[in-house]
Amino acid sequence: MDRLTLAALHGDQPKGNATGVAPDLAAAIIAGLRSQREVEPPTQAQHFDDINATIAQTSRLITHLEEFRELAIIAADDTGPHADRKATAIATGFPPSRLYRVLDAYSRPRDRKDPEAVARPATQKKALEDAVRRHPGQEVDTRRAVAYLEEAGHPVTDKRARQLLRDLAASEVITKTDPSTATYRPTEQ
7 MDRLTLAALH
17 GDQPKGNATG
27 VAPDLAAAII
37 AGLRSQREVE
47 PPTQAQHFDD
57 INATIAQTSR
67 LITHLEEFRE
77 LAIIAADDTG
87 PHADRKATAI
97 ATGFPPSRLY
107 RVLDAYSRPR
117 DRKDPEAVAR
127 PATQKKALED
137 AVRRHPGQEV
147 DTRRAVAYLE
157 EAGHPVTDKR
167 ARQLLRDLAA
177 SEVITKTDPS
187 TATYRPTEQ
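Heads up, the final residue of the sequence shown is numbered 195 in our numbering, and it's a clean run with no missing numbers.
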């Protein structure tokens, strides 16, 4: 299966490109940007390995775009205390509860007009990453992750702490030491 190069242009000026893009994924990206309702299944990838490679590339793109969307939500919210969160929720297609979960994850106060509302430092993921880096060589489990996050002003449940640990492992900040428990150690740089 041939791979494609996608180029981003601003007018006639190149702004970047991506090589090695699966043709089916490229077609889906273009269709999505054109707001086409009908989604086509892969047609170029015919073999199992090619289809799985397309799936893997699609999954990486989705993860990246989800994080980009969250950062765009935060950027919209940062435009001022009168930024319309309802309009942001409509733009994302999120119900208000999901929008507030994103805002909470990035330490945005729910009531922006309250002068006493002070944003907590960093995101939960960043706060945990910083704590792990401050304690090199020390193993991190769910209990320790919860404690680190509470210290940073991010009280979380054990379930959320385990998800953040998995996220840091996926980012290769930490490595799992025991496959049967949520125990990790900092990855050597």
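Derived from the structure by calculation, the hints contain no laboratory data. Just so you know, not all the hints are guaranteed correct.
To be verified - Using C-beta positions, here's what the derived DEER-type ranges look like:
no., residue 1, residue 2, range
1, I36, G159, 25 to 35 Å
2, T189, T11, 36 to 46 Å
3, A14, A81, 26 to 36 Å
4, T64, R172, 14 to 24 Å
5, T25, L71, 40 to 50 Å
6, A81, I36, 45 to 55 Å
7, G143, P47, 42 to 52 Å
8, S41, L77, 36 to 46 Å
Glycine residues also receive a C-beta, built at the ideal position from the N, C-alpha and C atoms.
- prompt: So does A81 sit 45 to 55 Å from I36, Cβ to Cβ?
  reply: Violated, at about 25 Å.
- prompt: Is the distance from the Cβ of G143 to the Cβ of P47 consistent with 42 to 52 Å?
  reply: With a Cβ separation near 48 Å, G143 and P47 satisfy 42 to 52 Å, so the hint holds.
query: Has the hinted range 25 to 35 Å been met by the Cβ atoms of I36 and G159?
result: 43 Å Cβ-Cβ, so the 25 to 35 Å window is violated.
task: Note whether the CB distance of T189 and T11 lies within 36 to 46 Å or breaks it.
output: Since the Cβ atoms of T189 and T11 sit about 42 Å apart, the hinted range of 36 to 46 Å holds.
message: Between the beta carbons of T64 and R172, is the distance compatible with 14 to 24 Å?
response: 20 Å, holds
- request: Indicate whether the distance between the beta carbons of S41 and L77 respects the range 36 to 46 Å.
  value: 22 Å, violated
message: Given a hint of 40 to 50 Å, does the C-beta separation of T25 and L71 actually sit inside it?
response: 19 Å, violated
task: State, for the Cβ atoms of A14 and A81, whether the hinted interval 26 to 36 Å holds or is violated.
output: 19 Å Cβ-Cβ, so the 26 to 36 Å window is violated.
Of the numbered hints given earlier, the model fails hints 1, 3, 5, 6 and 8; all others are met.
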